[in-house]
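> Here are the chains, one letter per residue:
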Amino acid sequence: MSIDIAALTVGQDIGSRSITVTRTDLVKYAGASGDFNPIHWNEAFATGVGLPGVIAHGMFTMGAAVQLVTDWAGDPAAVVDFQTRFTKPVPVADTTGTPESGAVIEISGAIGALDADAGTARVDLTVVSAAQKVLVKAQAVVRVA
Amino acid sequence: MTINPDLQGRSYPAAEVYDVGREKIREFARAVKATHPAHFDVAAAEALGHRDLVAPPTFAIIVAQRADAQLIEDPESGIDFSRVVHADQRFTHHRPIVAGDRLVAELHVDGVRAMGGGAMITTRSEIFALAPGDATGVAGDATGVREPVATTTSSILVRGEGQ
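First to last, the sequence lines map onto chains A and B.
Each residue of the first sequence is one higher than the last, beginning at 1 in our numbering.
Each residue of the second sequence is one higher than the last, beginning at 1001 in our numbering.
What the hints contain is simulated information worked out from the structure, not anything from laboratory work.
Because the structure is a prediction, the values reported are computed rather than measured.
Careful, some of the hints might be misleading.
What the hints assert, rightly or not - So these bits of chain B aren't anywhere near chain A, every CB distance computed over 10 Å:
#, residue
1, Pro1005
2, Gln1008
3, Arg1010
4, Gly1021
5, Glu1027
6, Gln1070
7, Ser1077
8, Ala1087
9, Asp1088
10, Gln1089
11, Gly1100
12, Glu1106
13, Val1109
14, Glu1126
As the list claims (entries may be wrong) - Okay, derived cross-link-like pairs now, EDC-like style, lysine to aspartate or glutamate, Cα gap no bigger than 16 Å in a straight line:
#, chain 1, residue 1, chain 2, residue 2
15, B, Lys1033, A, Asp94
16, B, Lys1024, B, Asp1041
17, A, Lys28, B, Asp1041
18, A, Lys28, B, Glu1027
19, B, Lys1024, A, Asp35
Even for Gly, the Cβ is constructed at its ideal location relative to N, Cα and C.
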């Protein structure tokens, strides 16, 4: 069920999605990943080191963003390379006890390059929160047929 | 405290084995809001040709950050973890990580660059799977077989005072 490279063109849109983030999500990611840096769960600590407040783990944003690619590719193992730079933090407001999200991350992807010899397509992700690009050069290389 | 420039070129050998469990893959997948069935349902993973549940593309960060901890906690490094900002990250998968893998990571410090009063430090983890049934652990098994699984590179910015 892999994707036919002949059917792809550079610039082609692979879709988009919107992810809501709460403080609970950050606690879950901390536990799942083992990254317990308090800037991701303790407001006083985060502001004490000069941040605007609790921020999402960069690796949470990176890991959530690639799901668009995984689902498009049809197999998580098709993502053979994935990189990004973290340019802006994603502050997550404390909305505990309410149905509101603390932040929203908007993700969209497009084909950035095709390599017929290697059998790969590069998907370039645009990842935005609060009207700022939070990931830059977010690129996933996907094995295609 | 300043970052020790002699860190560049240093490596830390594989220290402990990380056993990849099904429930950890499911937990991590939920934590990054992944819904692909190959992370949750063994039959779905097998239908795609995998031996067991497939880890999400950034799962190797667990193993890589354990390796990084050796550097950050090294008293000679001069790194204050509370002043660390993650600057960039890359995963190159030589083969997928699946449940049942027993992974080890070698850490290499590829770059140390002064930036203002702080420093940018680039590390690389070479992640290998031990052969099934290898009880000898990290030093490599009796046959020395360690299958390359992933290479991760990470840059962290350690902010200086006033940055």
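> Next, verify each hint and record whether it holds.
Checked hints:
Here Pro1005(B) stays apart from chain A, with its beta-carbon at least about 24 Å from theirs, past the 10 Å limit. Listed as a non-interface residue, Gln1008(B) keeps its Cβ farther than 10 Å from every Cβ of chain A; the least gap is roughly 21 Å. For Arg1010(B), the condition that its CB be more than 10 Å from all CB atoms of chain A holds, with the nearest at approximately 23 Å. Every Cβ of chain A is farther than 10 Å from the Cβ of Gly1021(B); the closest lies at roughly 12 Å, confirming the non-interface assignment.
Chain A draws Glu1027(B) into its interface by the beta-carbon criterion, the shortest separation being 5 Å against a cut-off of 10 Å. Distance check for Gln1070(B) against chain A: the nearest CB is about 14 Å away, which clears 10 Å, and the non-interface claim stands. The beta carbon of Ser1077(B) is kept farther than 10 Å from every beta carbon of chain A, the shortest such distance being approximately 17 Å. A beta-carbon of chain A comes within 10 Å of the beta-carbon of Ala1087(B); the shortest separation is about 6 Å.
The Cβ of Asp1088(B) sits about 4 Å from the closest Cβ of chain A, inside the 10 Å cut-off, so the non-interface label is violated. Under the 10 Å C-beta cut-off, the non-interface status given to Gln1089(B) relative to chain A is violated; the minimum distance is some 6 Å. Annotated as non-interface, Gly1100(B) keeps its C-beta farther than 10 Å from every C-beta of chain A; the closest such distance is 15 Å. Listed as outside the interface, Glu1106(B) is consistent with that label: its C-beta sits roughly 19 Å from the nearest C-beta of chain A, beyond the 10 Å cut-off.
The claim that Val1109(B) is not at the interface with chain A holds, since no C-beta of that chain comes within 10 Å of its own (minimum 19 Å). For Glu1126(B), the condition that its CB be more than 10 Å from all CB atoms of chain A holds, with the nearest at approximately 15 Å. Taking the CA atoms of Lys1033(B) and Asp94(A), the gap is about 19 Å. The hint is violated against a cut of 16 Å. Between Lys1024(B) and Asp1041(B), the direct Cα distance comes to roughly 13 Å. Compliance with the 16 Å bound is thereby established for this hinted pair.
In summary, the hint linking Lys28(A) to Asp1041(B) is not supported, as the alpha carbons are separated by about 21 Å, beyond the 16 Å threshold. With a C-alpha separation of about 9 Å, the suggested pair Lys28(A) and Glu1027(B) falls inside the 16 Å cut-off, and the hint holds. Proximity of Lys1024(B) to Asp35(A) is assessed by CA-CA distance (about 14 Å); at most 16 Å being required, the pair is judged to hold.
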